[in-house]
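Asks: What follows is each chain in one-letter form.
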Amino acid sequence: MTRLWRSYLLMLKWQALSSRTILPLSLVVQIMIAVGFIIGIGFFYPNMTTETAKFLTTGAPTITLLMVGLVMVPQMVAMQRSAGSFDYFWSLPVPRLVYVAADATIWTLMSLPGVIVSLLLGAFYFDFSLELSWLAIPAMLLISVTGVFMGYVIAHSAPKPEMASLATQIIVFLIMLFSPVMYPPEQLPGWLEKIHTVFPVLYMADLSRGTLSDLPVHLGRAFAVVGAWFVFGLAVTTLLVRRRR
Amino acid sequence: MSPGPDERVALQVSDLCKSYPKNPLVNDHVSITLGEGEIFGLLGPNGAGKTTLVSQIIGLVKPDSGSIVIGGVDTIAHPDHARQACSFQAQTQVPISGLTAKQAIELVGRVRGGSVKQVRARAGELLAQLEMEDWASKMADTFSGGMRRLVAFCMAAVVPGRIVILDEPTNDIDPARRRLLWDQVRGLVDQGSAVLLVTHNVLEAERAVDRLAIINKGSVVGTGTPASLKGDNRQSMRLELVLEPRGEVPQLPAFLEGPVVTGRRIMGRIAERDVAEAVQWSAALREQGAAEEYAVGPVTLEDVYLAAVGHEDAGSLDREEVAE
Chain A
1 MTRLWRSYLL MLKWQALSSR TILPLSLVVQ IMIAVGFIIG IGFFYPNMTT
51 ETAKFLTTGA PTITLLMVGL VMVPQMVAMQ RSAGSFDYFW SLPVPRLVYV
101 AADATIWTLM SLPGVIVSLL LGAFYFDFSL ELSWLAIPAM LLISVTGVFM
151 GYVIAHSAPK PEMASLATQI IVFLIMLFSP VMYPPEQLPG WLEKIHTVFP
201 VLYMADLSRG TLSDLPVHLG RAFAVVGAWF VFGLAVTTLL VRRRR
Chain B
1 MSPGPDERVA LQVSDLCKSY PKNPLVNDHV SITLGEGEIF GLLGPNGAGK
51 TTLVSQIIGL VKPDSGSIVI GGVDTIAHPD HARQACSFQA QTQVPISGLT
101 AKQAIELVGR VRGGSVKQVR ARAGELLAQL EMEDWASKMA DTFSGGMRRL
151 VAFCMAAVVP GRIVILDEPT NDIDPARRRL LWDQVRGLVD QGSAVLLVTH
201 NVLEAERAVD RLAIINKGSV VGTGTPASLK GDNRQSMRLE LVLEPRGEVP
251 QLPAFLEGPV VTGRRIMGRI AERDVAEAVQ WSAALREQGA AEEYAVGPVT
301 LEDVYLAAVG HEDAGSLDRE EVAE
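Those protein sequences? They're chains A and B, same order as listed.
Using our numbering, the letters of the first sequence correspond one by one to residues 1 to 245.
Using our numbering, the letters of the second sequence correspond one by one to residues 1 to 324.
Rather than coming from a laboratory, the hints here were simulated on the basis of the structure.
Incorrect hints may appear among the rest.
As the list claims (entries may be wrong) - So the derived label-pair ranges between C-beta atoms look like this: (1) Gln191/B / Arg221/A: 53 to 61 Å; (2) Leu177/A / Ser219/B: 54 to 62 Å; (3) Phe199/A / Asp190/B: 55 to 63 Å; (4) Leu240/A / Gly247/B: 52 to 60 Å; (5) Trp5/A / Asp190/B: 30 to 38 Å; (6) Ser219/B / Arg242/A: 25 to 33 Å; (7) Gly71/B / Ala83/A: 26 to 34 Å; (8) Arg244/A / Ala283/B: 56 to 64 Å; (9) Trp5/A / Gly71/B: 25 to 33 Å; (10) Asp74/B / Ala83/A: 49 to 57 Å; (11) Phe44/A / Gly124/B: 54 to 62 Å.
Every residue, glycine too, gets a C-beta built ideally from N, C-alpha and C.
Required output: the full structure, derived from the provided sequences and hints.
Replies: What follows is the structure, given as structure tokens:
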């Protein structure tokens with residue numbers, strides 16, 4: 001265990017140092033997106049009620065975390081695959097899942113500022129108060145890590161790295177327009193609503209709403225479904241990173 | 001095949017085969033034995049299957065058949081052992097953006113189990129010996145290809161494994177630092193590691209290795225010490241002739257064995273008793289204006305290499321590097 005922990009901390013340091021060149025830019029982009037999102041969403045709903053504002057603002061962390069996990073992670077992994085970085089990391093005496101865990105930690109830490117800024121700004125701009133539960137911490141972690149693992153699955157299962165980058169373009173579109181995060185699932189056509197009873201996105205949004213506001217949400221079910229996707233993502237990621245060509 | 005002066009075996013690769021759907025038999029029944037404390041060269045033209053072989057040794061690629069044993073452990077079944085036992089300098093660039101040279105070297109040293117104090121001292125020593133101290137605290141993003149490669153070497157050498165695998169370690173590195181690098185490679189062996197050196201630079205390999213295998217089109221086509229490989233030839237001398245630009249290849253005499261023509265150069269082996277005749281023949285060609293210059297000397301590893309990999313593949317040999 002000590003050896004694993006030591007490897008994890010060293011890989012964490014490696015990843016943190018590697019990302020320090022993009023960190024300032026990433027912060028600026030995240031804050032711009034958060035501000036843009038809160039102000040922009042108001043144009044969709046000219047007669048915004050407090051309930052709607054609360055619904056949208058507390059759903060925003062899911063969007064932010066999924067954008068990181070399903071878009072930024074696959075793109076970064078695709079770049080690293082093209083550059084042969086994994087051949088080097090995989091040759092080190094570090095269990096590959098420890099490397100992935102360190103990577104997931106960095107991505108989670110990097111997405112936190114965006115999550116916090118959008119929440120605070122939304123509450124301030126639309127003038128409502130957040131109802132923070134201590135469960136918000138495990139909920140955010142679960143959403144983020146599940147997203148990162150799903151990103152890993154996309155990036156490592158694509159036959160060619162460039163395909164993963166292309167897939168992310170479609171994913172952005174699907175999450176923004178066809179996922180019930182920014183509107184209730186009842187507004188979707190029946191078949192799409194059914195699909196979302198199995199997919200994790202709706203439940204991720206439930207997790208963030210249920211732990212950040214007083215909106216009525218079935219938290220237990222949300223934790224169970226997203227937890228199941230977490231286990232699935234972890235299992236497939238393990239298989240993918242441990243395979244030998 | 002004997003493992004060299006030290007009888008203990010560090011790495012035993014037997015009958016290794018690897019094919020890909022679009023690339024059959026990248027490795028075709030490859031067998032090599034690396035003794036402890038020796039520098040073993042793996043020589044071959046581009047695409048000969050050297051990097052695929054190395055990828056199997058460190059457990060990135062799974063062989064179709066054959067065995068790999070490191071220090072008595074079957075590493076096809078236990079790839080974790082391979083990663084612990086081998087430290088590796090890849091042919092591709094290492095992922096060190098955002099890190100300084102010193103941070104990168106120390107981090108790998110710590111990952112490989114070294115203590116903070118130990119890796120700090122060793123990193124300092126390597127940077128000093130390779131005259132890289134001015135770069136120690138600079139970010140790797142600003143480094144040239146050669147400097148990145150030197151950092152990659154230090155990363156493989158900071159806490160060396162039982163086996164240190166160096167894949168084209170001197171590419172892009174200036175001649176003065178190449179010498180320093182070879183001193184460090186020798187130093188690794190003195191510390192008890194075995195070194196597997198993958199290269200297509202024959203001249204450097206001849207100076208650096210204790211033993212070598214020549215690999216071509218996936219198969220090992222010769223193994224031994226540089227001297228024994230050269231001694232296999234009954235013909236112990238060589239003739240090299242450089243033709244005039246656009247000159248035609250003349251009728252080659254019978255005493256010139258295994259002639260290889262690359263561009264304007266003709267190389268072949270000759271027996272010692274034919275030296276006088278060879279000089280006469282070459283001098284005559286020069287007088288006629290057909291040849292620019294010629295040289296007669298003892299057989300080099302390059303001659304053995306070119307004869308082994310054949311004429312067409314020899315074309316991929318980097319002439320400038322060999323001439324260095």
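Asks: It remains to establish, for every hint, whether it holds in the given structure.
Replies: Results for each hint:
1. Take Gln191/B and Arg221/A: their Cβ atoms lie about 60 Å apart, and the range 53 to 61 Å holds.
2. At about 56 Å, the beta-carbon gap between Leu177/A and Ser219/B stays in the expected band of 54 to 62 Å.
3. For Phe199/A paired with Asp190/B, a C-beta distance near 60 Å keeps the hint of 55 to 63 Å intact.
4. A hinted range of 52 to 60 Å for the beta carbons of Leu240/A and Gly247/B is consistent with their spacing of about 58 Å.
5. Take Trp5/A and Asp190/B: their Cβ atoms lie about 34 Å apart, and the range 30 to 38 Å holds.
6. Judged by the Cβ atoms, the range 25 to 33 Å given for Ser219/B and Arg242/A holds: they are separated by roughly 30 Å.
7. A C-beta distance of roughly 32 Å is found between Gly71/B and Ala83/A, which places it inside the suggested range of 26 to 34 Å.
8. Between Arg244/A and Ala283/B the beta carbons are some 58 Å apart, a value that agrees with the proposed interval 56 to 64 Å.
9. Our hint of 25 to 33 Å for Trp5/A and Gly71/B holds, since their Cβ atoms are close to 27 Å apart.
10. For Asp74/B and Ala83/A, the Cβ-Cβ distance of about 31 Å falls outside the hinted range of 49 to 57 Å, so the restraint is violated.
11. At roughly 60 Å, the beta carbons of Phe44/A and Gly124/B sit within the given window of 54 to 62 Å.
Of the hints listed earlier, the one the structure fails to meet is number 10.
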